[in-house]
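K.L.:
Sequence:
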Amino acid sequence: MKKFSISYLICLLFFSIIVNVLQYTSVPNYADSWGPIWVSIIMLSILGSIPVFIGCLIGEFCYRKIKGSHELKIGIPLFIVLGISYNHFFFMLFNDRYFLSFNLEAFLETGLPITLSSLLFYLIRRR
Numbered sequence: 000m001k002k003f004s005i006s007y008l009i010c011l012l013f014f015s016i017i018v019n020v021l022q023y024t025s026v027p028n029y030a031d032s033w034g035p036i037w038v039s040i041i042m043l044s045i046l047g048s049i050p051v052f053i054g055c056l057i058g059e060f061c062y063r064k065i066k067g068s069h070e071l072k073i074g075i076p077l078f079i080v081l082g083i084s085y086n087h088f089f090f091m092l093f094n095d096r097y098f099l100s101f102n103l104e105a106f107l108e109t110g111l112p113i114t115l116s117s118l119l120f121y122l123i124r125r126r
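Going by numbering that gives the first Met the number 0, the sequence shown opens with residue 0, and the numbers climb by one from there.
These aren't lab readings, by the way, just hints derived from the structure by calculation.
Predicted, not measured: the structure shown is a model, and the values here were computed from it.
You may find that some hints are simply not true.
[Unchecked claim] Ranges between beta-carbon positions, derived for each pair:
#, residue 1, residue 2, range
1, F3, S25, 28 to 36 angstroms
2, K64, W37, 33 to 41 angstroms
3, K1, I49, 20 to 28 angstroms
4, N28, I73, 40 to 48 angstroms
Quick reminder that beta carbons are idealized off the backbone N, C-alpha and C, glycines included.
Hey, can you work out the whole structure from these sequences and the hints?
P.N.:
As structure tokens, then:
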């Protein structure tokens, strides 16, 4: 339970920081609307806690299934695919779009932080 909690908190912090960095680089006046970066990190930590928790639960389930036999062979690709598919599921659920109508800009805004958080969860959990 301790490893899961540490992995979850690090993934949540990493997710909120990456989302903020991507927003600050893509929208120049992002600081005017949200204020200082620490305010938006706190808001994204609060709003992103449930999706990151669900993703970490799915990641923990997958990690326990592959832990014994194929840890390094399929672990990293599995968690990358897990992050991408988890992102596609939420993108389709909340935006009423089809699975194939997903462009690169939308992936960089929403999919990259989730995929990197999923990969970070696996790398921390593997230690």
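K.L.:
Take the hints in turn and mark each one as holding or not.
P.N.:
Verification of the supplied hints:
1. F3 / S25: 28 to 36 angstroms: 32 angstroms, holds
2. K64 / W37: 33 to 41 angstroms: Because 38 angstroms falls inside the window, the suggested range holds.
3. K1 / I49: 20 to 28 angstroms: Distance hint for K1, I49 holds at roughly 21 angstroms.
4. N28 / I73: 40 to 48 angstroms: For N28 and I73 the Cβ distance comes to about 43 angstroms; the hint holds.
Checked against the numbered hints above, the structure breaks none of them.
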